[in-house]
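Each protein sequence line maps, in turn, to chains A and B. UniProt numbering applies: residue 1 is where the first sequence begins, and numbers increase by one. UniProt numbering applies: residue 1 is where the second sequence begins, and numbers increase by one.
Read the hints as simulated data drawn from the structure, not as lab findings. For every residue, glycine included, the Cβ atom is placed at its ideal position computed from N, Cα and C. Errors might be hidden in some of the hints.
Coverage of chain A stretches by chain B, computed from C-beta distances (three or more under 8 Å per stretch; other residues unrestricted) [to be verified]:
(1) 204 to 211
(2) 258 to 266
(3) 599 to 613
(4) 628 to 636
For lysine to aspartate or glutamate, the following EDC-like pairs were computed, each having C-alpha atoms within a straight-line distance of at most 16 Å [said to hold, decoys possible]:
(5) K686(A) to D577(A)
(6) K27(A) to D40(A)
(7) K682(A) to D548(A)
(8) K97(A) to D364(A)
(9) K151(A) to E169(A)
(10) K267(A) to D423(A)
(11) K126(B) to D648(A)
(12) K144(B) to E651(A)
(13) K526(A) to D470(A)
(14) K439(A) to E324(A)
(15) K413(A) to D349(A)
(16) K582(A) to E700(A)
(17) K126(B) to E645(A)
(18) K540(A) to E651(A)
(19) K144(B) to D648(A)
(20) K144(B) to E93(B)
(21) K144(B) to E645(A)
(22) K144(B) to E206(A)
Below are the chains, spelled out letter by letter.
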Amino acid sequence: MLFIGASGLLPNFLSCSDAKGIQGNTKKHDITAWVRITEDGQITIYNPAAEMGQGSMTALPVIFAEEMDADWSKVNVEFSPQESDIYGSPGWQPGTKLMFTVGSRTTNSYYTVMRNAGAQARHVLLHSAAKHWEVPLEELTTGASEIVHEKSGKKISYGALVPHLTMPETLPDFTEGGLKDPEDFKLIGSQIPRTEIPEKVDGSAEFAIDLRLPDMVYGVLERGALHGAQPTLTNEADILAMEGVQKIVPFDHAIGVVANTLEAALKAKEALDIHWSDAQATGFNSQDIYPEYAQMASAPKKGSAVNEVGNVDQAFRTAAKTYEADFKNDYVYHAQMEPLNAVIQVAADGQSAEVWVGSQQGADTKLGIPDLLGIPPEAVNVHLQYLGGGFGRRSMNDFVLECGRLAQEMAPKPVKLLWTREDDVTYGSYRPLTLQRLKLSTDAQGDLTGISHCVVGDGGNLVAGGTRNDHYAIPNQWVEWREASHGVRLKHWRSVGHGPNKFAIEAMIDEVAHDQGMDPISLRRKLMADSPRALATLNKVAEISGWDAPVSEGRAKGVAFVEHGSLGTGVCEISVDRNTGKINVHHFWIALDAGVVIQPDNVKAQMEGGIIMGLSSVLKEQITIMDGQVQQRNYDDYPLLRMQEVPDSIETVILPSAEHPEGVGETATPMVAGAIANAFLKLTGKRLRHLPFTPERVLEVLNS
Amino acid sequence: MASYTLQINGSSREVDVAPGTSLLRVLREHLGLTGTKYGCGIAQCGSCTIHLDGNPVRACVLQVDNITEEQQITTIEGLSENSDHPLQQAWVEAQVPQCGYCQSGQIMQAAALLEKNPNPSIEEIKTHMNGVLCRCGTYLRILKTIELATSPTTLKS
């Protein structure tokens, strides 16, 4: 049971919205901390998660409205206050409450929270109607924003109940029972347009970068191209004399400049004369590191164990045949379309701060600003804005802290910090470069008996995730990580370790199938015998892609399976220009099991986007480092996939399921590399083992 | 600082900025027309696409000094009266945007095509739209939506 006050859920803890000017039937009244209602029935539901295009602004309120029995046509959605005690989810770690939009886990971790909160809001309304009519609560039922007492024939809309709202002493915990039977869902699983799309087609959607405040000044930082280097500014007086420049703020990693216009700040940034120290990355050449990584993989001493099932050493000793190959992947950059930025205003006394930011939030809901300023968390108010792309980059708060530091210097003036695209690329935090050595063993019948997967690279979980094969019946499995370290900034990048690791696993399985003359889907059917949900995605994608039908001349299909919460199998159809080495991907088909699906069309959009981002990274994207210096600066030397390079179609079939919802944002991206490499093997008999598959690399493989 | 007069979305606007300031910064930071986005600053991403006398251009590489007082600038805010340009309606209908950051540029680029070529082929659409990046990967929906909006049988009244 939850008690008033203790949970912070009931509204007597919050001030009813009574801003001057809001009167009569448009005044918003709290039902609980999650939802407000006006007398004319308009309902405002709070979304606790970041909205970066994945649709949380609709999915979570839909779940809530389902259990509340709210009339969706009267629902408005706003971001919740960034207060994790009230709006956090225990879905990350039992006993904690976090607001954290990462790992494709928003729907997964909030599903039960939102259902319970919606049911509790409905309970408050039922309680109020029962008191009002003096009838037992148990005799009441609800329809779309309406309470009905069948016995007496009385009906009252949620809005009309507002003057009679009374709070129960306690709110039941409906997770123990009393939630809807999924069979009765009306909103969940239906086609509901995303709430924030209209403002994204007329320029009115506000991102943090769009904020303009009175007396606002602009901050930029020069961070250099050698991660970890420390700056010494040699022309401070000249910079301070420049028009519009207000302050120079030194950081350990950068020199900051604040000016009264953005153009003055950028002009000063260009004029900075900085001497940079050496750093750990000095002398590091990313493209020359692979032989060293291969040696590390060959060293007799094992690395940190990531997963162990059975006894893989014994499987190899008794194998009829073994297979071994190294797979590689270069660094990639997030390239979210909105460069990093924030606006922060610190009060004149330094004792409070307002923060406007597009953030994927984090373990610290106040994003490190309280510690930076030495003030309590409740003195920091975070105004979450739409994110112009996240992909993992915006769960790192380095840019928020930079802005906080500038705002501390400029208090009480608000400071807008902008990273230029060049800053964003060069001082990026990349998906790590790795080498992966895979070994497989088969027995006399040709069945897979063991898989050993050694990941060499920097970043721990960033490189070791996605290495488990829980849906493949391979009795002996071993995964280890061997650590390298170069001082290059690293970060989660959509699907994290799954990108490189699923590539290696799926390509390796096809190499076995190729060697055995076996169809890659037939081989996977055998491997998935004990995993019916995974198998169903495989069978479905085989069907919709016409796997067994003949393919046009010069084309081939490839398959790859991914588990990332949800289970999905993808098939692509490719051709290769043998003169240029350019791979063309013509079609992609996906079958997905994501448990209960809240918004089917949005799940399809996530599959489409995941495949496109996968294609971009797999075919084109590459950050390279020479003598520690990042070599790329903008979209001209870090090209992304463009309109003329997209497949003709990406088709997704969602398999029906009543299981708990699983994330979908990172299931498609890791399919791409394996599916392409496997199609390429079928088409050419050659093996692509190094990401990205740039035309130069493909030509090299074709000519090998 | 210098004073400039610009014709934007049918109104005359005055700004006082340093010579050489990019039109994008003038629009966003000085005039508050923030629907036009900064993405790269070097005409590679197309997020800042606006119309200059009806032609799609990248505001980030235009200097305010080079815009005459007669040239008509249209931004996403001025594309339609009530966010009801056929493309904007079709965009909502097809649920095109994800993060939404590039979408002003996409829509402005597409709207310019329709002005000149009301029935483009799919290849013409792809070529015309190739300069506007989308990291979320909404390309296929953009393509389909432009196709639908320009197909004579499905064009909305």
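Against the structure, the hints:
Note: the region 204 to 211 of chain A has 6 residues with beta-carbon separation from chain B under 8 Å; the three-residue rule is met and the coverage holds. Under the rule that three or more residues need a Cβ within less than 8 Å of chain B, the assignment of the region 258 to 266 of chain A holds, with 4 such residues. Remark: the region 599 to 613 of chain A is confirmed as covered by chain B, as 9 of its residues place a Cβ nearer than 8 Å to a Cβ of that chain, reaching the required three. Here the region 628 to 636 of chain A counts 3 residues with a CB under 8 Å from a CB of chain B, which clears the bar of 3, and the coverage holds.
With a CA separation close to 14 Å, the supplied pair K686(A) and D577(A) stays within the 16 Å bound. Note on K27(A) and D40(A): the hinted pairing holds, with a Cα-Cα distance of about 9 Å set against a maximum of 16 Å. Between K682(A) and D548(A) the alpha-carbon distance is near 14 Å, which keeps this suggested pair within the 16 Å criterion. In summary, the hint linking K97(A) to D364(A) is supported, as the alpha carbons are separated by about 11 Å, within the 16 Å threshold.
Proposed proximity of K151(A) and E169(A) is contradicted: the alpha carbons are some 26 Å apart, above 16 Å. A threshold of 16 Å between alpha carbons decides the hint, and for K267(A) with D423(A) the separation of about 14 Å falls inside it, so the pair holds. Straight-line distance between C-alpha atoms of K126(B) and D648(A) comes to about 11 Å, which keeps the hinted pair within the 16 Å bound. Of the pairs offered as hints, the one joining K144(B) and E651(A) holds, with about 13 Å between alpha carbons and a cut-off of 16 Å not exceeded.
Between the alpha carbons of K526(A) and D470(A) the distance comes to roughly 14 Å, so the proposed pair stays at or under 16 Å and holds. For the hint linking K439(A) to E324(A), the alpha-carbon distance of about 4 Å falls within 16 Å, and the restraint holds. For the proposed pair K413(A) and D349(A), the alpha carbon gap of about 12 Å is at most 16 Å, so the pair holds. About 12 Å separates the Cα atoms of K582(A) and E700(A), which keeps this hinted pair within 16 Å; it holds.
As the CA atoms of K126(B) and E645(A) are separated by approximately 9 Å, the hinted pair is consistent with the 16 Å bound. Taken as a hint, the K540(A) and E651(A) pair is honoured in the structure, with Cα atoms around 12 Å apart against an allowance of 16 Å. The suggested pairing of K144(B) with D648(A) holds, with an alpha-carbon distance near 10 Å, which does not exceed 16 Å. In summary, the hint linking K144(B) to E93(B) is supported, as the alpha carbons are separated by about 11 Å, within the 16 Å threshold.
For the suggested pair K144(B) and E645(A), the alpha carbons sit about 15 Å apart, so the restraint of at most 16 Å is met. At most 16 Å may separate the alpha-carbon atoms for a hinted pair to count; K144(B) and E206(A) exceed this at roughly 26 Å.
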